[in-house]
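Asker: The chain contents come next:
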Amino acid sequence: MKHGAGGKWYMNARNYSYELADEYNMKEYLEEQWKNMETLFIRKIMGFSSIGLGYKMQMPLIGRFLRSNAEKMIHSEKPGRNPVRADGHFGQVIPLEDAQHILGNLAAEPIIKNYCVCRWMQRGVKDAVCINFGCLSQIIPKLTRYIPVDEKWQLDREEAIAALETQNKKGYVASVWFQPVPYINAICSCESPECGGLRLRNDFGLRTVLKGEYLMTVNRDNCQGCKACVRMCQFGALRYLPSINKVIINHDKCFGCGVCRHACKNDALQLVPRESVPGQARNF
Amino acid sequence: MGKTKIKIDYKKCGPDGKMDPRECRKCLNVCDPAVFLMHPTLEEHPDPYNPEKWVVTPVWPDVCTSCGKCVSSCPVEAIKVSPGESLYKMRMHG
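Sequence lines, in order, name chains A and B. If you read the first sequence in our numbering, its first letter stands for residue 1, the second for the next number, and so on. If you read the second sequence in our numbering, its first letter stands for residue 1001, the second for the next number, and so on.
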C-alpha cells in the first residue's frame, strides 16, 4: 500500500493541488462519485451489493472473497477506477491540530462546508460539518440538498479552522479523506455508527478509515475520575472504573482523534505519537 | 437462529406510497445502530444531480438488535422486523 500506511501522507502539499487533480482527471471522477454517493451501498458490485455485508462476510468462502475485493477497491490506486463504487476512497482520523494545519496551509481554495452525506442518509439529519475543498467544492454546490440553508457555507481559511474547532469540541471526530487516493479534498467531522466509513471499519473490519498517527494516554496521577471524557469517545475506548476512581483506555479501540481532551479539566489526557506505544506502532 | 430480516413495504413508503422518506425520516432517527439508509432509487433521474425519487433500505440488518423502535415509529406501518442473530451475537457465540 503506497498511501495511508502511516508517515502522515496527509501533510504532503502535492496531494491537495489542482495540478494533481488535473493529472488524474479527478474532476470527472468526483462528479460521478458525488452524483451517486447515496446509492454506493445499494448497487451491485461483482454481483453483490453491500446490503447485509456483515452477514455476507461471515460466509466461509464468499466472505473471504468479498473482504479481499472490498479492501482492494477501497485502496485502489490503479488507473480506470470506478467512481460509482468509490474506488480509492478512504480516510484517516486526525487530531484537531493536524486538521487545522491542513485547512490553514494545504487545502486548495475554495473551501466550503456542507451537510454531511452520511448523517443525512443514515440518521436523517442535516448537519453542516463537512469541510470540502479543491475541485470537490466546485461540484458539491450542484447537489443542492447538501448546501446549508441560512448559514454561511463558503468559508475562508480562518472560518474553516474555527468551524472545525467548534465541531471537534462538540464531540465529532476529524478525518481527512482521499477521493480518490492520492487526491485529498475533504475533512469530515464524523460520528459513529452513521458515518459510512466508520460503519465499515468498526462493525465489519474493513480499512475505510485508518486510525490516527497518535494515541491517547491517561495520566493516572492527574485523573480525578470525573468521567467527563468517557462520553466524548465515539469508539467506546474509554471507561470509568469506580474501584480506582480513574478512567482507563483501550488502545486497540482508540483512534487517536483527541476529542476526549476537550472534556478534561485536569490535564490527564495526552496525545502521544502512535509509534511511541510499542504494540500499536503500525496498528492503523 | 437465523439472520435478522427487515422488510419495508414500498407501497406505503417511497415514491409510490403516501410517504416521502425525505419528509419523514423517523426510522432513521430512532435506530440506535443506524440500520437504515435513505437513497435515490437506482432508476435514471431527470436531473441526476438532484434526484426526486427516494426510498429507505434496511442496509445493515446485521447490526440490528431487534428493539422494534422502527416498527412502532413508522407512521405508515411500512416496516416489519423478523428478529434473528446479529453479527455481534454470531461473533460471540459462533
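Incorrect hints may have been included.
[As the list claims (entries may be wrong)] Counterexamples of contact, computed for chain B against chain A with all Cβ distances above 12 angstroms:
no., residue
1, Asp1009
2, Arg1022
3, Arg1025
4, Gly1068
5, Ser1086
[Claimed, not checked] Residues on chain A that point at chain B, a partial pick, calculated with CB under 8 angstroms:
no., residue
6, Ile51
7, Tyr55
8, Lys142
9, Leu143
Worth flagging that the hints you see were computed from the coordinates, not collected in a lab. C-beta atoms are modelled at their ideal positions from N, C-alpha and C, and glycine is treated no differently.
Asker: With reference to the structure, classify each hint as holding or not holding.
Answerer: Hints, verified against the model:
no.	hint	result
1	Asp1009	17 angstroms, holds
2	Arg1022	8 angstroms, violated
3	Arg1025	3 angstroms, violated
4	Gly1068	18 angstroms, holds
5	Ser1086	9 angstroms, violated
6	Ile51	5 angstroms, holds
7	Tyr55	5 angstroms, holds
8	Lys142	5 angstroms, holds
9	Leu143	5 angstroms, holds
Of the numbered hints listed earlier, those contradicted by the structure are 2, 3 and 5.
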